[in-house]
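Residue numbers (my numbering), protein chains in the order written: chain A, 1 to 678; chain B, 1 to 124; chain C, 1 to 164.
Treat the hints with care, as some may be off.
Unchecked claim - Listed below are the simulated SDA-like cross-link pairs for lysine to any residue, each with C-alpha atoms no more than 20 Å apart in a straight line:
# : chain 1 : residue 1 : chain 2 : residue 2
1 : A       : Lys-266   : B       : Asp-68
2 : A       : Lys-421   : A       : Ala-466
3 : A       : Lys-536   : A       : Asn-595
4 : B       : Lys-74    : A       : Val-426
5 : A       : Lys-572   : A       : Asn-595
6 : A       : Lys-391   : C       : Thr-101
7 : C       : Lys-132   : A       : Ile-344
8 : A       : Lys-230   : A       : Ile-592
9 : A       : Lys-381   : C       : Gln-42
What the hints assert, rightly or not - Partial chain C-side listing against chain A, Cβ under 10 Å, derived:
#  : residue
10 : Thr-95
11 : Val-96
12 : Arg-129
13 : Thr-130
14 : Lys-132
Said to hold, decoys possible - Where chain C lies over chain B, by a calculated footprint (3+ residues, C-beta under 8 Å):
#  : region
15 : 64 to 75
16 : 97 to 109
Simulated from the structure, these hints should not be mistaken for laboratory data.
Each residue gets a CB set at the ideal place from its N, CA and C atoms; glycine is no exception.
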Amino acid sequence: MPQIGSFTLLLALVLSAYAFLVGIIAIVRKDDRLGETARRAGIAVWIAVTASATALVISAFRNDFSLAYILEHSNRALPLPYKFAALWSGQEGSLLFWCWLLATYGFILRLRHKVDTRLVAHASVIMSGVQIFFLLLVNFAAHPFAMTVGAIPPDGNGLNPLLQYPEMVIHPPMLYLGYVGMTVPFAFALAALIMKYPGEKWIHITRRWTMVGWAFLTCGIFLGSYWAYKVLGWGGWWGWDPVENASLLPWLTGTAFLHSVMMQEKRGMMKTWNMWLIFSTFLLSILGTFLTRSGVVSSVHAFAQSGIGVWFVWFMAITFATCVFFYVKNKDHLRSEHQLESLISRESSFLFNNVLLLVSAFAVLWGTLFPVLSEWVQGHKITVGPPFFNKVNIPIALCLLLLTAVGPLLAWRRTSTESLKRNFLVPAILALLTAVVLAFGGMKPWADIANFYALVAISLSVLVAATVFSEFWRGGRVIARHNNTNVFAGMVQLTRRNTRRYGGYIVHIGVIIVIIGFAGSAFYQSKEKEMGFGDKMNIGPYTLVCRSYTQDDNPNYRSETAMLDIYKNGKKIDTMYPQRRVYKASEQPATIVANRSTIEEDLYLVYTGVNPDTGNPIIKAHLNPLVWWIWAGAHILVIGTIIALFPNMQASKQALTEKERARALAAAGRTGSTAGAD
Amino acid sequence: MNLLLILQMSSGQPDASNSSFIFFGCILFAIALFVYIFSPSRVETSEEKSRLSFLYERKDQIYENLRDLNFEYKAGKLSDSDFNSMRDSMEQEAAAILAEIDRLEKLQNGLNPLRGSQNKGARA
Amino acid sequence: MKQTRYAIVRRVGLLLLAASSLALLMGAGESQEARVDYLGHQMMCVCGCNEILLECNHVGCTYSSREIDELKQMVAHGDSDKVIYAAFVKEYGPTVLAAPTTTGFNRVAWIMPFVVFGAGLAIVVFVVRTWKRRIAPRPVAGITEAPPEKLGEFRDRARKDTEL
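Only chain A is shown next, with the shape it has when bound in the complex (with noise of 0.2 Å):
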């Protein structure tokens, strides 16, 4: 198996490079038929990646601890899922695993060239010149399939348990998907840069496919923070770990620019400005991939200190030349043609949108690299954690709330103060109604800016519901009246026929739910207490009464359990059994949350240690409202998006004026007037 991996991936990096080479001489000399070839060629690559992938998995499974690898990440008794998350689980597994990623984007978009050839010959050549980095990188730097050097051990090292959860399986492939989806993206506007792409067309596939992976980097990071809450045990969901603030990053650019794309399609502007919005994402995301790889900021994601971090520094660099230089080469053709007629417009709104994204960005990339600045310039390292973080994006994040709120009621091009009223009347009013009713029943903003926060959060989410349910029921009001039918069918027809807004305004649904989620932990408590037979603790509307606890041991690991029954309001309604564990194989503690989650709290156990003089187990309960809305928006996120992916349903008019386009098109280009068209 590892010489078939060894070859495999030797064997891809020739293809990839002969893709990028042949492609870019096909592309100058115009010969399509050598373009076919390295098209073909980058097909290949993803046979051989896969083929090498597999490889790896295969050894896993046959507990082959003959290379390295398998035998730092796995051992005889890991139960099979698991086996095959160690393809990820390491530092060179997972950039194997990147690689096939890549590859297997391009060769999806290798098989949909005919979209538009030209595009995707060039996007394909830059996709071959990624892929050839990530190559270099497992060929010569980072070896998935290097040999175990002296005696082969009769069994491995094992996984590491904070891994071995059903989430640890999704999370990272979600997450890298999102990564390496961002690769397609940039390929294809960089191409549409170089060849000076006329008209808009590359902008569309653009959108999608950074939509596509946002999506996956989106779920992967709400998994991420879904793992965090239920295996860290300590109570929160985001801790502005530097690796999950590198996820953020371009997760944030991405955002801007499926905003600031609107701008681009709908009038024009901003193309300058987009092209560097998804540039700097995919920076944004390779300079994610070297932060979890090269340890440069400690973490505890962190994979060991390695030196594939210059490689990657000048992967980086080189990258960024290549945009530059290119940009500047023909940034004549990104000439915007539009004027602002109004500080009061959408486009003025999406613009104050990107601002603030960017700033956010900023201060999440800041505040990570600030601790290696802050060495470089005072000689040592300093932490910026939670409570700077903190102190910088939420108000950022409440004023973007604000704009996702008075965006979309804003016209394109000028929005009259009367259109405005009309629109904004209902929804501030209701807004409004919501702070005072909080204020007054119980949220005291004025007790800690946390409250204040929170309170502003809620309002505002109101208000962003209430101008997303207008928007809903006036068009599909419109609708319902031209076909005669009740409203709800017209929303759903509404947001069939154009499914990249209406399926928008679901995502803000649901990051207004998520936002709800953020606000409850203002009002979270915890509490820690030693619990004997018998004990009670109170926290919020529960009473722990602690009935017993017991130690076990099993091969795998020998664990302690207290079991309490909960009651609520003098009854009981649940018994939980917060444990911990010690896996023999590496002597790791682990613990093990017990949460029971409702739509107003989860109450969440952790079984800290026993009181070595009593022999009592002491038990830490967090009592954290609101959580349950955070897992809850992360879904309708993602079928909003999943929505907004779907082609629209067009209107029978439309479609007919298509049909005849073609025809007309195909009378037209057989004349061969081939005039420049911008």
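Given the coordinates of chain A, work out where chains B and C should sit on it, guided by the hints.
Below, chains B and C without anything else, positioned relative to chain A:
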């Protein structure tokens, strides 16, 4: 270079027959891929985009914007004056592009009188 | 008119002042437990887990329990926040603080995001203003001007095509 690497690796393995089997498998795999790459059955020709198709794209975009505007007006989101002035400027843009399309199509038909009849139907 | 607006501003200001002093008064009465909770969230566990001090839940983490005990003692002793932070930095190094301080070079950490924010807003305002001054361009470059009566015809066609 490939060959060297493989030979190096297989020399480290005690089971020589197994290694040579893998070796030939790998070679076969590579050959199959090369056959696939260098025997394209059908080549998609790439075409430069014509100015006409570009104009059609622009027309579609402006039409879509106009439809959106109409829709928003009907939904009650715009005041009459906003609507009228915006429709005015967008229609002006649309007219300019339609005129240009018309001109180019006529030019084309003039150059290719044979295709004239085909195109007439398409311009309804 | 101007004066009334000024009066409103002053009144709102007074109200805010009153509210904040109320908050301060309430803060003065807060328990030691609340102070420990607050301070414990401003510092890190230094065992290498990269967790906030009070959120470190390493089973048997010797660092966090020691730090928390020290913190509790200092709070019980009535030390001010400043003194407590200084003592922790002296004992565990500057990385024990969860966020950069507001002194010396560390101030840059706090200032930069807001500088960038300000610059971003300024750029947007500037861009909007220049774009507003731009002359309305033609929809597509290089169009030959059609005669106005012809354009009217095309406009009607556009309107008909896009009617709902």
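Right, here's what the structure says about each hint:
| no. | hint | verdict |
| --- | --- | --- |
| 1 | A:Lys-266 - B:Asp-68 | holds (11 Å) |
| 2 | A:Lys-421 - A:Ala-466 | holds (14 Å) |
| 3 | A:Lys-536 - A:Asn-595 | holds (18 Å) |
| 4 | B:Lys-74 - A:Val-426 | holds (19 Å) |
| 5 | A:Lys-572 - A:Asn-595 | holds (16 Å) |
| 6 | A:Lys-391 - C:Thr-101 | holds (13 Å) |
| 7 | C:Lys-132 - A:Ile-344 | holds (12 Å) |
| 8 | A:Lys-230 - A:Ile-592 | holds (8 Å) |
| 9 | A:Lys-381 - C:Gln-42 | holds (17 Å) |
| 10 | Thr-95 | holds (5 Å) |
| 11 | Val-96 | holds (7 Å) |
| 12 | Arg-129 | holds (9 Å) |
| 13 | Thr-130 | holds (9 Å) |
| 14 | Lys-132 | holds (5 Å) |
| 15 | 64 to 75 | holds (count 5) |
| 16 | 97 to 109 | holds (count 6) |
Consistency with the previously given hints is maintained throughout, with no hint failing.
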